[in-house]
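Asker: One-letter residues, chain by chain:
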Amino acid sequence: MNREFIIAISLGFTVGLVVMYGVWTANRSMKEFETVSPVPTNPVQIDTQAASSTTDDIKPSIDLVVTEPYKHLLTSKELITVSGVADPSDSLIILTELGQFVLMPNEDGEYSQEIELEKGINTISVFAVSQHNDVQQEDRIVTLSS
Amino acid sequence: MKVSAYQIPFVATLVASLLLSVFVVSLAQESESTDSATKDEDTIKEVIQEQVNQRIDQILNKPVGVFGKVTGITDANLTIVDTKDETSDFTVVTSSLTKYENSKGGTIERKEIALEDTVLVKGVQTNMSDRLEAEEVQVINNYSLTVNETMVGSVEDTGTNEITIDGDNGQEVVDLTRSHGVFLAGKIDEELDLSNLNKGDEVLLLGYRDDKDDFIGKVVLVTKQVVVEESGADTEAVEQ
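These protein sequence lines are chains A and B, in that order. Mapping of the first sequence onto the numbering used here: position 39 corresponds to residue 39, and the numbering continues sequentially without gaps. With positions in the second sequence counted from 1, the corresponding number in the numbering used here is that position plus 146.
A hint or two may mislead.
Calculated pairs, PhoX-like style, for lysine-lysine (alpha carbon to alpha carbon, straight line, at most 25 Å) [said to hold, decoys possible]:
{"id": "1", "chain 1": "B", "residue 1": "Lys208", "chain 2": "B", "residue 2": "Lys245"}
{"id": "2", "chain 1": "B", "residue 1": "Lys257", "chain 2": "A", "residue 2": "Lys77"}
{"id": "3", "chain 1": "B", "residue 1": "Lys215", "chain 2": "B", "residue 2": "Lys230"}
{"id": "4", "chain 1": "A", "residue 1": "Lys119", "chain 2": "B", "residue 2": "Lys185"}
{"id": "5", "chain 1": "B", "residue 1": "Lys358", "chain 2": "A", "residue 2": "Lys77"}
{"id": "6", "chain 1": "A", "residue 1": "Lys119", "chain 2": "B", "residue 2": "Lys191"}
{"id": "7", "chain 1": "B", "residue 1": "Lys257", "chain 2": "B", "residue 2": "Lys245"}
{"id": "8", "chain 1": "B", "residue 1": "Lys245", "chain 2": "A", "residue 2": "Lys71"}
Calculated directly from the structure, the hints in this document are not laboratory data.
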């Protein structure tokens, strides 16, 4: 094998290595870019007007849910949170042994109210009154132990 | 076109190198993405597992206080029916560590608990079941649980701390001594005074009945107001 033949093979191998390095570097850079700023491949345009008009047409009312306190809670804390979900347009009334609270849920329908317990057995009632004056009621019996 | 003798090995090596590079890069990519996916999957699994464990801890072994009536007594257990929800039976598992008290907090013997007694069982509800492991059983007969309810009617008359309602049960005087206030339904940021109410206004009262069956109002929601004109002769109902 003469010298020129070996030089040609070396050159071909070197150029191949350079191209491989280029491809590898470009590929790595692209990957880092995607990690830092992910771009949705199919961005969705949301038509808020259309969405709201559809919602207005259907407008399903949300049933009153009390997520806390759970049924028969036994606690030693005098202050507890009553929270849950209701229809955003409902008026909410929370009756406790020591007081009452009138509030509105937020736009997502979530509500939260800190209440004080009296020692012993407490009845906590959450009422949701709709715009049509339909009433939903959820009760929780909570015991404050000493 | 004349091909040089050195061009053939050059091009052949170049093509071979390129093919090799493509192969190596694709292998590296596959390995990297597999590693990354496995790592992400592991992280997600860990987070979910942690949340699930926390939730399970909350659900299992809940500290509870159940108020109910004793319907069964055996050596190991008591059976009680939830006073609030009469369809719920609980098996109260007692042990040598269980304390028994009367309504005044005095210590009593287990044998003093009788059928039909109303008790407050403090303990742990296990595995979301109807099984309560009792730490304390307190007999509290003659205790009436507050039952909040609603009353609908039209205003007949108002006083300083009372309101006469014409409802389903006829006219009834509602005690508003403990009233938080009077609100327009749907406009709860506008608090009214009792004196703002007129005869004929429709209201929704929220409160409870006391031992004498009198309705104790806590919140008054005005659902329909009558507008009294200047002449006082005509009234018009205005729905809120």
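Asker: Hint by hint, note whether the structure agrees.
Answerer: A quick look at each hint next to the structure:
no. : hint                 : result
1   : B:Lys208 to B:Lys245 : 19 Å, holds
2   : B:Lys257 to A:Lys77  : 32 Å, violated
3   : B:Lys215 to B:Lys230 : 10 Å, holds
4   : A:Lys119 to B:Lys185 : 50 Å, violated
5   : B:Lys358 to A:Lys77  : 32 Å, violated
6   : A:Lys119 to B:Lys191 : 42 Å, violated
7   : B:Lys257 to B:Lys245 : 12 Å, holds
8   : B:Lys245 to A:Lys71  : 23 Å, holds
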